[in-house]
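S.K.: Here are the chains, one letter per residue:
There are 4 protein chains.
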Amino acid sequence: MAISKRTDLALEARELLQESAEAITEIDGVIAREYKRHGCPVTRVEILSEAGEQAMGKPVGTYITVETQGLMRHEEDAFKRTVRAIADELSPLLPVGGMYGVLLAGLGNRDITPDAIGPLAMQNSVVTRHLVDKMPEEFGHMRPVAAISPGVLGTTGMESAELIQGAIQHVRPGAAIIIDALTSRRLSRLCSTVQIADSGIVPGSGVGNARAALNQKTLGVPVISIGVPTVVDAVTLMADLTEQAGQPEPDWSEIAKFSGGLMVTPKEIDTQVETLARVIGYAVSIALHPEMDADDVQGFLG
Amino acid sequence: MAISKRTDLALEARELLQESAEAITEIDGVIAREYKRHGCPVTRVEILSEAGEQAMGKPVGTYITVETQGLMRHEEDAFKRTVRAIADELSPLLPVGGMYGVLLAGLGNRDITPDAIGPLAMQNSVVTRHLVDKMPEEFGHMRPVAAISPGVLGTTGMESAELIQGAIQHVRPGAAIIIDALTSRRLSRLCSTVQIADSGIVPGSGVGNARAALNQKTLGVPVISIGVPTVVDAVTLMADLTEQAGQPEPDWSEIAKFSGGLMVTPKEIDTQVETLARVIGYAVSIALHPEMDADDVQGFLG
Amino acid sequence: MAISKRTDLALEARELLQESAEAITEIDGVIAREYKRHGCPVTRVEILSEAGEQAMGKPVGTYITVETQGLMRHEEDAFKRTVRAIADELSPLLPVGGMYGVLLAGLGNRDITPDAIGPLAMQNSVVTRHLVDKMPEEFGHMRPVAAISPGVLGTTGMESAELIQGAIQHVRPGAAIIIDALTSRRLSRLCSTVQIADSGIVPGSGVGNARAALNQKTLGVPVISIGVPTVVDAVTLMADLTEQAGQPEPDWSEIAKFSGGLMVTPKEIDTQVETLARVIGYAVSIALHPEMDADDVQGFLG
Amino acid sequence: MAISKRTDLALEARELLQESAEAITEIDGVIAREYKRHGCPVTRVEILSEAGEQAMGKPVGTYITVETQGLMRHEEDAFKRTVRAIADELSPLLPVGGMYGVLLAGLGNRDITPDAIGPLAMQNSVVTRHLVDKMPEEFGHMRPVAAISPGVLGTTGMESAELIQGAIQHVRPGAAIIIDALTSRRLSRLCSTVQIADSGIVPGSGVGNARAALNQKTLGVPVISIGVPTVVDAVTLMADLTEQAGQPEPDWSEIAKFSGGLMVTPKEIDTQVETLARVIGYAVSIALHPEMDADDVQGFLG
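Residue numbers (our numbering), protein chains in the order written: chain A, 1 to 302; chain B, 303 to 604; chain C, 605 to 906; chain D, 907 to 1208.
Honestly, the hints are just simulated from the structure, not real lab data. All values reported here derive from a predicted model rather than from experimental measurement. Heads up, a few of these hints could be off.
[Stated by the list, open to error] Every beta carbon over 10 Å from chain B, so not counted as near; a handful from chain C, in silico: (1) 642; (2) 661; (3) 662; (4) 677; (5) 688; (6) 702; (7) 761; (8) 770; (9) 771; (10) 803; (11) 806; (12) 854; (13) 865; (14) 879.
[What the hints assert, rightly or not] From the structure, some residues in chain D lie toward chain A, with a derived Cβ separation under 8 Å: (15) 975; (16) 978; (17) 980; (18) 1017; (19) 1033; (20) 1047; (21) 1048; (22) 1052; (23) 1061; (24) 1068; (25) 1072; (26) 1073; (27) 1075; (28) 1080; (29) 1105.
Each residue gets a CB set at the ideal place from its N, CA and C atoms; glycine is no exception.
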């Protein structure tokens, strides 16, 4: 949380992930670039070494942030451009080597809107494993893709990891793509960025209940995560606005005692989550089935 | 907004509405009481004169706040007790004099969760006008009640007031009860109080778009409003927490420039709005049909 | 109902509306044509005189049926083509003469899926009355369009006609477009045709509760109706299948005594109603705002 | 399907399951009883031997049908009585022997209303495995219950059986309870009976896509199934009505060629499925946590 950002160097460095690419590239073992893809601003940070790991407070890997504000501003062609941008950033993170199967997992609670982005993205993804299997003449050329929405501990009594591991044992995929809601550090990122990484994910961090990590080590296959910040901690929200306004900062940790860990969400969250889930589902589908475009995905989903 | 509470005396006075009953009763032309009803804390403020109006910044009338935290804490019998408490507070505000008809209006946008409480309360209300009319032998003893969800300007192109006036011309009720989401001044009230008043309502104030007032003057019949705070302005949220923590306060108006009028809502808003809409629908139904209890309402709604 | 189609000549003639254009054109005072529009089969019947009225059992007017099976078959570009086809059939039915306002009304109960098509179409329509009014510099060139979802008698206690009349008094439109679910006579039309007419509509006929007609006489403005068959009477369903199979027909009226008026709907009704509501909302928007295409409508709706 | 009931003896016998208890008990190796439980009519059939299996066309086991029409008729206390009746019928089918864990599985597609009863029942069930595990001092006295909604092959690419097996490997329960929608043979049972059995279930049979059986043999633990008929085959519907009306029967197999396997559902399916899912979730919770009553379940679910 940004609260302690003045004292916790690791955290401060981590924050840089969202600052200038130039500044980041100064750090040893880290390379960052900023560019636009189909009109969407993209920041790509690669952590290359242990030195970079320590400086950034994150494991070696690639971290990509695609900005999606064009969607909320209803810019021309924003939907198709954003889908394309995410698909194009996602593709190179997939393991090379042909038509191995992929397991998609949409984490989160479908009945709490800001936590529903994972399950909703599953509904918008092209799933083919059963078709490849049962109708090989028609679908044998497609990559077999399966999708799971494991729900949340509070309503299933099971960790997402347990169900995903079970699915992986049956599906035997070559990679897993895991979609989850995130807690944003900054108001400005709420429902307006998509964060892609190839170093795994800690499910539930989007709603304040961190669980066991899901990564190559725990799942046995390469894991690509796609996260969307949908909630912000109330105190972090305050710190962020106060800093932007150049106002003197109070002792946030004192204030945090009164917020009760309140997570907040914008009031238009329903539409925003629905749109982003569709964008992600389409982007994942196009990355996994390069012969499809957005219209094909829509046709397939019906 | 609490932002200017140090300079704007009227506003400061208005804030008192949520402070101690004793303090309020000191004000000329105002009487306040605090008590419990079926276990729910109730604050009742009566503004009796022009002096009271000026001190409180609100028109002459009765303002009742029923606290509903027991619901979220899942206290024993919380649902039935809260329904009963609201019904019992509401009943004495109804005009005396028999079985006149009543028009219910549920304001707000059903597709934005924190703004959906009005339309959802309509779905949970016992509506009888058509039954009284068409099956008088069976239902002739009941009060004729009609219900309208006029939607919001952005999706209908019409002011709620226009549609409600149209309905009143056809239904010719003896009173109107209008349910709406409110913007809370304080985090602690979010989805945890129900505010009842007999002086009318300004629709849309719950989501930052104030419209023409709905009151006896504009609608031609006595108007009782029932409001539930479901969103809080981000800067007000900050000011509230900072004050509770006893921290030095920055210049909130400067910070407000960076919040873009952001309204925030807790992440569990879906369940909370659904529960409160049901409580209000049941309470209104019991107040209007005193022969019914909560089980009868449930049976009627099916 | 097709039950008595062997004895009731008027009904039999009415059935012809869905039979061959050639056969219909033989009837005095009636002209029928069949053609394709953007790939969708269209049947257009014009009843021109009292003779035609009597033969067809429907008032003078234009009756257009657009077939939408391409949508369910996921044909290429089916969504855009169907939107375009309906918009192009609808446009010539609008009164000539410039930028008069239009009131849209989506009849039916949003909480019963097969009856929700009207309210859902409203959510997918471009509404501009408030924008034209309040931001004339930006939106003054657009046609002012308002939209109402009056609900159903059982949950509002008011006839749709009462609320629509109230809205018309405030909006003073040049025409009304009313969308409703219909009871299909034939299984084959269920969720696969859109029926457009300029002679008014009897609301609620889609779910077995006919109400007062909504037409130019009762509303005071030209009325265009758009209906989608979403339910079928169980006995009609049986009669239809038995006839198609060339099987001997039992006495359907005897069987009807045991069906309890059961209306049935296909199990995939959720998706079908959602898709058709979107098609109709977009088509109406394009017909009323000819400067827009489907992508503009999507951008506007957000 | 009842279509061939005159020729297929096994099927005819199976039909007896829904006929008189007396008639059934005449069959060798089968015992049947009819009684009321909390006001709900119950039929209980026990198939005891191979002879009984062959006569009834179902494996050895107990088959219980609880009639729930009281719910739709809004009879007094119908909700609580039906919950109690199902819980009381379910309890004796659970393996004896203390506080072993239970896995609940809600089969079906949450996005197709008549197929959503399984996933919706999961939302209404008390799940405790994580609480027992992480807060043993507070919850250690409760039975550990986990719940899974595995989705359907068409949207996950995985058989329900694969996901349930994976969950069983992690949860290691003493029994599984599986809830699913069924295809009704008879209109009169649609959304008005709950069928409980201890011999396993074939998922997807409710919507016409039979899958591999889920039973003690395939899952390795005792399996109790709870099914609700929510759809009816169009031709079966016709045959049923024709028989009730005493009309001559056509060759249904000829007619079936024209129905395209159409499954139909009543138009009020939304409410009916929601109510029955709540009844089942509450009943399962009370059977598994005998210290709870319906109000406790509601309090727990929040």
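S.K.: Next step is simple, just say for each hint if it's right about the structure.
M.R.: Checked hints:
1. 642: It holds; residue 642(C) is separated from chain B by about 28 Å at its closest Cβ, greater than 10 Å.
2. 661: Given a closest Cβ separation of 28 Å, the condition holds.
3. 662: With a cut-off of 10 Å, residue 662(C) remains clear of chain B, as the shortest Cβ separation is near 28 Å.
4. 677: 30 Å, holds
5. 688: Non-interface label on residue 688(C) holds, nearest chain B Cβ at 24 Å vs cutoff 10 Å.
6. 702: 18 Å, holds
7. 761: 3 Å, violated
8. 770: 2 Å, violated
9. 771: For residue 771(C), whose nearest Cβ neighbour in chain B is about 6 Å away, the distance does not exceed 10 Å, so it is violated.
10. 803: 25 Å, holds
11. 806: 17 Å, holds
12. 854: 34 Å, holds
13. 865: About 18 Å separates residue 865(C) from the closest Cβ of chain B, which puts it past 10 Å; holds.
14. 879: Consistent with the label, residue 879(C) stays out of reach of chain B, its closest Cβ about 18 Å off (over 10 Å).
15. 975: 30 Å, violated
16. 978: Status violated, d = 26 Å.
17. 980: 27 Å, violated
18. 1017: 7 Å, holds
19. 1033: With a closest approach of 4 Å, the residue 1033(D) hint holds.
20. 1047: 16 Å, violated
21. 1048: Result: violated, 11 Å to nearest chain A Cβ.
22. 1052: 4 Å, holds
23. 1061: The hint holds - residue 1061(D) has a Cβ within 8 Å of chain A, the shortest such distance being about 6 Å.
24. 1068: 4 Å, holds
25. 1072: 2 Å, holds
26. 1073: 6 Å, holds
27. 1075: Check passed: Cβ of residue 1075(D) comes within 6 Å of chain A, closer than 8 Å.
28. 1080: 14 Å, violated
29. 1105: Since chain A brings no Cβ nearer than about 25 Å to residue 1105(D), farther than 8 Å, the hint is violated.
Hint check: violations occur at hints 7, 8, 9, 15, 16, 17, 20, 21, 28 and 29; the rest are consistent with the structure.
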